[in-house]
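Taking the hints into account, I'd like the entire structure generated from these sequences.
For reference, the chains in residue letters:
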Amino acid sequence: MKNSDVNLSRRNLVAKAGLGAAAAVATATLPKPAKAEATDRTVQYAMVIDTRRCVGCHACSVACKAEFDVPLGETRSWVEYIEKGEYPNVSRQFLPRLCNQCSDPPCVRVCPTGATYKRKEDGIVVVDADICIGCKYCMQACPYDARFINPRTGTADKCDFCLHRVSQGIAPACVNTCQGRARIFGDMNDPDSEVAKLIATEPVTVLRQEMGTKPNVYYIAADHTDDGDARFQHQYLRVDTHRRAKERR
Amino acid sequence: MNEVFWGLPVISYLFLAGVGAGAYTVSASVLLRGGGGGFGHKHFQIARYGALLAPLPMMIGTGLIIFELGTFTAAFENGDFWLLFRWIRLFLTITMSPMSIGSWVLAVCILASLVYAYTFLSPDAKPGDDKSSLRLAMAWVGVPLGIAVAIYTGVMLGAMPSRPFWNSPVLVLLFLMSALSGGVAGILLLKAIFDHEPQTDDAGGTEPAGKIDRSSYLLSASDMILIGFELLAVFLFIMFTYLTVGAQKVAISVILPGGSLSMLFWVGVVLIGLLIPAIIELKYVLPTLLHKKVYTIPRRVEMIVALVVLFGGFLLRYVVVIGGQITGPVGI
Ligand code: SF4
Ligand code: SF4
Chain A
355 MKNSDVNLSR RNLVAKAGLG AAAAVATATL PKPAKAEATD RTVQYAMVID
405 TRRCVGCHAC SVACKAEFDV PLGETRSWVE YIEKGEYPNV SRQFLPRLCN
455 QCSDPPCVRV CPTGATYKRK EDGIVVVDAD ICIGCKYCMQ ACPYDARFIN
505 PRTGTADKCD FCLHRVSQGI APACVNTCQG RARIFGDMND PDSEVAKLIA
555 TEPVTVLRQE MGTKPNVYYI AADHTDDGDA RFQHQYLRVD THRRAKERR
Chain B
3 MNEVFWGLPV ISYLFLAGVG AGAYTVSASV LLRGGGGGFG HKHFQIARYG
53 ALLAPLPMMI GTGLIIFELG TFTAAFENGD FWLLFRWIRL FLTITMSPMS
103 IGSWVLAVCI LASLVYAYTF LSPDAKPGDD KSSLRLAMAW VGVPLGIAVA
153 IYTGVMLGAM PSRPFWNSPV LVLLFLMSAL SGGVAGILLL KAIFDHEPQT
203 DDAGGTEPAG KIDRSSYLLS ASDMILIGFE LLAVFLFIMF TYLTVGAQKV
253 AISVILPGGS LSMLFWVGVV LIGLLIPAII ELKYVLPTLL HKKVYTIPRR
303 VEMIVALVVL FGGFLLRYVV VIGGQITGPV GI
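Chains A and B, in that order, give the protein sequences.
Residues 355 to 603 (the numbering used here) make up the first sequence, in order.
Residues 3 to 334 (the numbering used here) make up the second sequence, in order.
A few of these clues could be false.
[Unchecked claim] Computed beta-carbon distance windows for the label pairs:
id, chain 1, residue 1, chain 2, residue 2, range
1, B, Thr246, A, Gln589, 18 to 28 Å
2, B, Leu273, A, Arg585, 23 to 33 Å
3, B, Asn80, A, Ser457, 33 to 43 Å
4, A, Val444, B, Met98, 29 to 39 Å
5, A, Lys474, B, Leu273, 48 to 58 Å
6, B, Ala109, A, Val444, 54 to 64 Å
7, A, Gly427, B, Met305, 44 to 54 Å
8, A, Pro425, B, Met98, 25 to 35 Å
9, A, Gln589, B, Met265, 28 to 38 Å
Simulated from the structure, these hints should not be mistaken for laboratory data.
Beta carbons: idealized from backbone N, C-alpha and C, even for Gly.
Right under this line is the structure:
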């Protein structure tokens, strides 16, 4: 019931905004999702981020800001720069970040009102802004710092894989805009999908696997170096988060 | 440095809820221990102070926590009046979230403590009066409810691997001990302030009103023991976290020497909040304990001990709540 409420308002929005945009810009569409096929297989949307193809241009962050009119100072999606080493042995890597739509999401476990839940139909973790009280417990529990309080509504907010778009068969805004095609999106439970194939054939990793959250955002060739590793290896490391929280948590 | 999502309202709430819940539990235990006041007037008086105190900090703390809600702040920014009452959503459902269960337990505890306080309200409430069966019933539910409230705050913080500083079962023990000792301190404080009637000691002699108080041996002695347990909990909390590897070991360093909260923790919480009151209490309790002397403690000292214990309890919540948020998991 509450799902459809959320969908409806967003759907209308897309119908109005999306139509014009879709006509003008070549909009990436998703392979027809399982809904039409009506199999008993459940859908779990997932993203593979191929950091080798990311140039750190922030187009995804900007597209996301535009798509949701994300309030100033907050980020649903952001790109971190990881700079390390001493000349001449240096590297600079880009790490696009977003909510992992975890399969065992601690944010859902701690939510006292049920406002945050994982959708059965597509595995997207959403916040119902009509129920959330803004207690920030989920923000404490998310190991990825993916959440923030939206100052307009006072409720928790975060990336929802562009639910209003993907439910219409359109790719998320960040995926659509990525000029390097570093972000690949799809249903990982569909063995023929590009994400499923990449996950099966590439050496993918997830962030902070030890947190037990079972993330659904996979990375190819991500640089997992953090301050602790750098100290231990006596290495220079600088991480730019490009968001208000200057340190990643 | 990470962003601090939970600030002073939550810190004060954890402290006040602890003191209120502790006072309820302590008062109810004193009452039940005396079989409804059978130990005579002074135990009944102690129970009465605790009963009258308990609901207040719990209600003030609960009121404060509403200021931390995002919806409360947004209500003023976008003028949506109904957002002020969004917290009612907490009570339209119950989930497995420690915060959900805790809110219900807290609500029940506040209601029970109000009923319990009501049975003591009349100035000539005494053991065996017409409210005594209700009083006893509320005392029976009060012991587990007060403990549950004190425990849930620890579980709520401890439930998240993303907050390694909090993610320790010992935190529950630490908060429980601090809540009980805060409850005792609250009762001691009230007693020291309001108890002006001449005290009758066991020998039957009377003491002029004012300087000397002989009836709080039970409270001071139990507070001393609780502080002992709290020191033990502090020790376990640090050792278990320090002796592990990874995020928890890194996180605990904020309160170890060199950490940004270490002065506040060692001087504020441990020295001023625990060691000093324990030593003062020891000085007054030991003669009675060992030599069966009549217990005497100047009222002023009693007040200072109580205030210092309460101050330490607040600082403990401060250090824990902030320390948990300025540390995070290691690795990415
Ligand atoms: S990344 Fe954080 S907000 Fe997103 S589902 Fe996982 S725990 Fe929840
Ligand atoms: S802030 Fe909202 S979504 Fe997050 S735990 Fe609290 S009620 Fe749930």
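Which of the listed hints are not met by the structure?
4
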